[in-house]
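Chains as they are written, first to last, in the working numbering: chain A, 1 to 156; chain B, 1 to 850.
Since the hints were made in silico from the structure, they are not lab data.
Any given hint could turn out to be false.
Far from chain B by the CB rule (all over 10 Å, computed), these chain A residues [claimed, not checked]:
1. Asp41
2. Tyr48
3. Lys57
4. Glu80
5. Arg86
6. Pro95
7. Lys103
8. Ile124
With a Cα cut of at most 20 Å, we get these calculated DMTMM-like pairs of lysine to aspartate or glutamate [stated by the list, open to error]:
9. B:Lys235 <-> B:Asp159
10. B:Lys692 <-> A:Glu105
11. B:Lys675 <-> A:Asp125
12. A:Lys29 <-> A:Glu105
Derived CB-CB ranges, DEER-like [said to hold, decoys possible]:
13. B:Glu719 <-> A:Thr9: 51 to 61 Å
14. B:Asp668 <-> A:Gly18: 14 to 24 Å
15. B:Glu719 <-> A:Lys75: 33 to 43 Å
16. A:Ser77 <-> B:Asn603: 21 to 31 Å
17. A:Lys89 <-> B:Lys704: 40 to 50 Å
For glycine and all other residues, C-beta sits at the position ideal for the given N, C-alpha and C.
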Amino acid sequence: MSGKIRGGTILLIEDNEGDIELTMRALKKNNISNEVVIARDGEEALNYLFCEGVHSKRDPCDLPVLVLMDLKLPKVSGLEVLKRIRADKDLELLPVVILTLSKEESDIIAGYKLGANSYVRKPIDFIEFIDAVKHLGIYWLMLNEPLPRKKGEKNG
Amino acid sequence: MSDHAIRLLLVEDNPAYARLVSELLKEGSTTVRFDTAITNSLASALNHLREMNCDAILLDLGLPDSQGLDSLTSIFSNYPRIPILVLTALEDEENAVKAVASGAQDYLLKGHIEGAALVRSIMYAIERKKSEGALSRVAKKYSDMINTMFDVVFTLDFDGTVVDIDPKMERIIGWTQKESIGKQFSEFVHADDLPIAEAEFIRAIQGIGRPIEIRVVHKDNTFRWVRINALLITKDGEPEELSCVLSDITEKKADELLLAVQSDILNVLSRSSNIDETLDRIVGIIKATTEFDAVGIRLQTGDDYPFVASVGYSDEFLQAENTLAMQYPQGGICRDKDGNVSLECTCGLLISGKTDPANPLFTAGGSAWTNDSLPFLDVPLEQDPRLHPRNRCIHIGFRSLALVPLRAGNKIIGLIHLASHRTDLFTEKSIKFWEGIGVSMGVAILRNRAEEATQEANTNLEAIFESSPTPIFILDEKINVVMINSAAVLLTGGSISDALHHRPGNALRCVHSSEDPRGCGHSTACPFCPVRNGIESLIANGGSMHSAELVMDLVRNGTTQKVWLSIGAEPIHIGGRLHLCVAMDDVTERKRVEEELKTDRANLERIVANRTSELKLSNEELESFVYSVSHDLRAPLRSIDGFSQAVMEDYADKLDAKGQDYLNLIRDSTQRMGKLIDEMLMLSRISRAELKLDPVNLSSIAEKISRDLEGSQPGRNVEFIIKPHIEVKGDRDMMRILMENLIGNAWKYTSKHESARIEVGTGNGIEGESFYVKDDGAGFDMKYVDKLFTPFQRLHSTSEFPGTGVGLATVKRILNKHGGKIWAEGAVEKGAIFHFTIGSEESIHANVRM
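Full structure from sequences and hints, please.
If you want it as structure tokens, here you go:
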């Protein structure tokens with residue numbers, strides 16, 4: 001990938017180890033070298049985003065530049081996490097890409113209704129997956145204009 | 001002088017003279033007209049007189065069939081009231097006197113007659129005859145008076161021989177004075193009265209006679225009632241003879257008789273209740289006490305008026321006369337425009353009330369009578385006042401006939417038929433008497449019939465009341481039961497005496513009626529009793545109740561039960577007082593069944609609702625099951641594929657060609673499995689989905705699919721021939737999936753050929769309108785046609801053509817849901833054609849329901 005990739009954290013919310021491995025591999029294959037934070041279930045994801053629990057020491061202003069989220073998560077489901085994100089004044093405009101195996105219409109609709117920015121289906125074919133991640137990277141980390149950040153100030 | 005012509009009969013055998021007389025008559029007067037008939041013999045003259053009325057007769061004494069005064073006497077004796085003027089050529093004074101003495105009015109000499117004098121003679125003769133008639137009538141009246149004023153005197157000696165007798169006696173007994181003297185007086189006495197006469201005779205000759213009333217017999221066997229007073233005549237103290245005075249009391253006796261008849265009849269009418277018996281007795285009474293040969297009574301029976309009582313008629317007469325109905329010649333009874341039976345003969349006319357009192361045959365009272373019926377046979381039809389006369393009575397020989405109506409007010413319900421073979425039995429006075437009897441009888445019969453009808457109606461009502469299966473109570477104003485039918489007794493569960501004269505609560509054994517010793521109406525619950533309130537409101541305000549369903553607490557078999565009653569009540573009057581007729585049906589059972597039904601229905605609905613929610617639940621469970629299964633199955637597949645790829649990339653230098661190969665095979669398999677999972681998901685979703693029927697254009701779907709396919713493999717040379725405007729009614733998504741599968745298959749199985757041709761069209765076959773997708777690709781062996789639509793059954797290997805074997809099964813499932821069918825034809829390497837139909841909207845809905 002040519003061009004300047006934006007810096008910033010990517011939050012990957014995924015419970016399947018294999019999928020985590022594959023996603024990391026795909027990112028590497030595409031030379032996307034942003035720091036990737038992994039949350040292995042919904043609760044951990046929320047803790048990270050709201051600076052609670054094990055992440056209570058985190059700087060709330062330090063928001064990820066992209067969230068890649070699976071829907072099927074233990075403890076708190078992906079849609080629930082999305083709802084919480086969108087309900088929070090500080091987090092509501094966070095770019096969230098749903099990355100899931102489900103092709104169910106109901107999930108797609110629910111995702112968009114709850115405010116997901118994008119819904120991408122994980123293909124079984126790994127080659128295809130690498131391609132998909134490339135496109136995601138180009139779009140979200142290069143092309144798309146992010147929300148301007150106010151350093152040191154908490155919104156609201 | 002009247003202006004009608006004088007009808008003259010000229011009996012003259014000399015035609016020349018006859019013409020002369022006609023001329024003389026015309027000449028003789030301008031004011032008088034003569035209508036002259038000419039006959040030339042006595043016989044023809046008599047014939048003429050029989051047919052025609054005549055005001056005067058001019059009679060020539062010299063006729064071919066009669067000489068001298070014989071013609072005159074012949075005509076005069078038959079027609080004494082027509083003035084006769086005698087014409088003769090002979091100048092004979094003696095003859096003239098004789099002629100006048102024999103009844104001629106005038107004697108005219110032929111040859112000495114001139115017109116005016118002739119006319120004058122004729123007119124005078126007519127006038128004279130008129131006054132003669134008057135005079136003779138007056139004379140007769142006086143002579144009758146004289147005869148009745150003076151009694152007849154006769155004398156008997158002591159052995160009953162007539163010694164002397166008044167010539168007037170001849171009128172009564174028919175024997176002349178000469179013939180009577182010397183006869184035994186007993187010979188003149190009616191056999192039945194002899195004992196009285198003889199007894200009285202003995203007393204009379206002892207000087208202690210009393211007047212007696214007996215019948216004396218006329219020479220012609222008729223009798224007259226007479227009153228005889230016998231006086232013993234003595235001469236010098238010695239009994240000499242019996243002097244008797246006799247007066248004719250026939251008229252008086254007749255009156256007395258009629259009065260007796262009347263009294264007897266009225267008695268019978270007032271006493272007896274059986275009408276048939278009464279009429280028989282009346283007929284008997286009349287026959288016995290009068291001189292009629294036959295007495296009958298016609299009485300209304302249905303539409304007809306047969307003889308219901310009679311004596312003196314033959315059986316044949318009664319049989320023939322038993323109907324008065326007019327009949328058509330071919331059979332069938334005539335009816336008038338109101339549908340009433342038309343009645344005929346004099347009886348029929350009389351009963352119809354159509355008698356004309358102006359006609360001498362009929363009276364003002366509506367009776368018909370005659371003292372001699374024979375002349376009626378000769379009356380021409382136009383002049384006959386009777387309606388279709390049968391003349392049977394006349395033919396039998398009844399000469400005196402009287403038909404008297406039985407009247408009740410304006411209604412004629414029959415008649416009394418009085419007949420005798422003798423003439424002259426009736427007088428206007430006697431007819432009036434019978435008319436009175438007719439009225440008395442009519443009224444009595446009608447009243448009797450009304451009573452019978454009421455009786456019958458009452459009996460019928462009682463029968464209806466008693467036989468009704470619905471319990472009925474009749475309550476009086478005080479709400480006591482005064483009448484009750486058997487069904488009601490059953491309802492109360494007690495006996496009649498338990499119910500009669502009690503209030504309904506007591507009768508029905510309402511539990512509240514035992515709460516107070518005064519019974520029904522006095523318990524605290526009574527003001528709330530719907531039955532009581534309903535009934536009291538009806539009695540107070542009038543009106544009626546219909547099918548009011550009220551509940552009472554009744555004691556049955558020792559326990560108190562709620563009994564539902566369906567009550568109807570109507571006010572009636574008995575003896576002028578207000579009563580209430582209350583019908584009650586025990587509908588407890590029906591009510592119970594209704595409740596059960598309601599409960600059952602509610603239960604059923606609950607069960608159905610439960611099942612539905614259970615079903616919904618299991619559907620939802622299935623839904624989430626399928627969802628999670630597909631998700632959970634896919635995840636490991638990704639890992640297998642991804643890490644195989646990772647191995648191939650990262651450890652390529654450690655792997656030989658075979659190793660690479662194996663890893664590729666692994667990757668292929670996992671992808672296949674992924675597709676399989678997707679398609680199975682789709683199949684299951686289709687089965688569960690509800691159809692949404694819309695108009696779908698298969699042509700445009702096919703075209704889009706063809707463009708997508710061409711786009712995915714632009715190198716291929718494929719010709720698409722798609723029939724435009726293929727419109728169906730179906731679920732849009734499923735139709736798309738269907739076409740994707742069929743056209744996708746066609747695309748796939750032609751991929752080995754250089755060029756290909758794929759067709760989408762419609763056909764019309766046994767199944768009606770059908771659609772098809774046709775290709776000229778690999779085709780299939782028809783041997784395996786049955787396997788085509790079974791899931792996972794493939795006819796080619798995956799290396800030949802990729803595929804899961806689910807596509808056609810999905811297509812079939814979609815068509816099943818649409819009430820359609822699919823079938824295929826093919827040959828190896830010769831392509832395949834897939835036909836399908838889509839069911840009508842109705843059949844689709846039927847499917848869905850199943």
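We went through each hint and held it up to the structure:
1. No Cβ of chain B comes within 10 Å of the Cβ of A:Asp41; the nearest lies about 15 Å off, and the non-interface call holds.
2. Distance check on A:Tyr48: its Cβ is at least 23 Å (rounded) from any Cβ of chain B, clearing the 10 Å threshold; non-interface status holds.
3. Against chain B, the non-interface label of A:Lys57 holds: every CB pair exceeds 10 Å, the least being about 33 Å.
4. At roughly 16 Å, the least C-beta separation between A:Glu80 and chain B is larger than 10 Å, which holds for a residue marked as non-interface.
5. The Cβ of A:Arg86 lies farther than 10 Å from every Cβ of chain B, with a closest approach of about 23 Å, so its non-interface assignment holds.
6. A:Pro95, annotated as away from the interface, keeps every beta carbon of chain B farther than 10 Å; the closest lies near 24 Å.
7. Its closest Cβ contact with chain B, about 7 Å, brings A:Lys103 to no more than 10 Å, contrary to its assignment away from the interface.
8. Once the 10 Å rule is applied to beta carbons, A:Ile124 is inconsistent with being away from chain B; the minimum gap is 4 Å.
9. Between B:Lys235 and B:Asp159 the alpha-carbon distance is near 18 Å, which keeps this suggested pair within the 20 Å criterion.
10. Between B:Lys692 and A:Glu105 the CA atoms are separated by roughly 17 Å; this keeps the pair inside 20 Å, and the hint holds.
11. Annotation: proposed proximity of B:Lys675 to A:Asp125 holds, straight-line Cα distance about 11 Å (limit 20 Å).
12. With a CA separation close to 31 Å, the supplied pair A:Lys29 and A:Glu105 exceeds the 20 Å bound.
13. A hinted range of 51 to 61 Å holds for the C-beta pair B:Glu719 and A:Thr9, which are about 55 Å apart.
14. Between B:Asp668 and A:Gly18 the Cβ separation comes to about 19 Å, which falls inside the hinted range of 14 to 24 Å.
15. The given range of 33 to 43 Å is broken by B:Glu719 and A:Lys75, whose C-beta atoms sit roughly 57 Å from each other.
16. Checked against the hint of 21 to 31 Å, the pair A:Ser77 and B:Asn603 fails, with Cβ atoms roughly 41 Å apart.
17. For A:Lys89 paired with B:Lys704, a C-beta distance near 45 Å keeps the hint of 40 to 50 Å intact.
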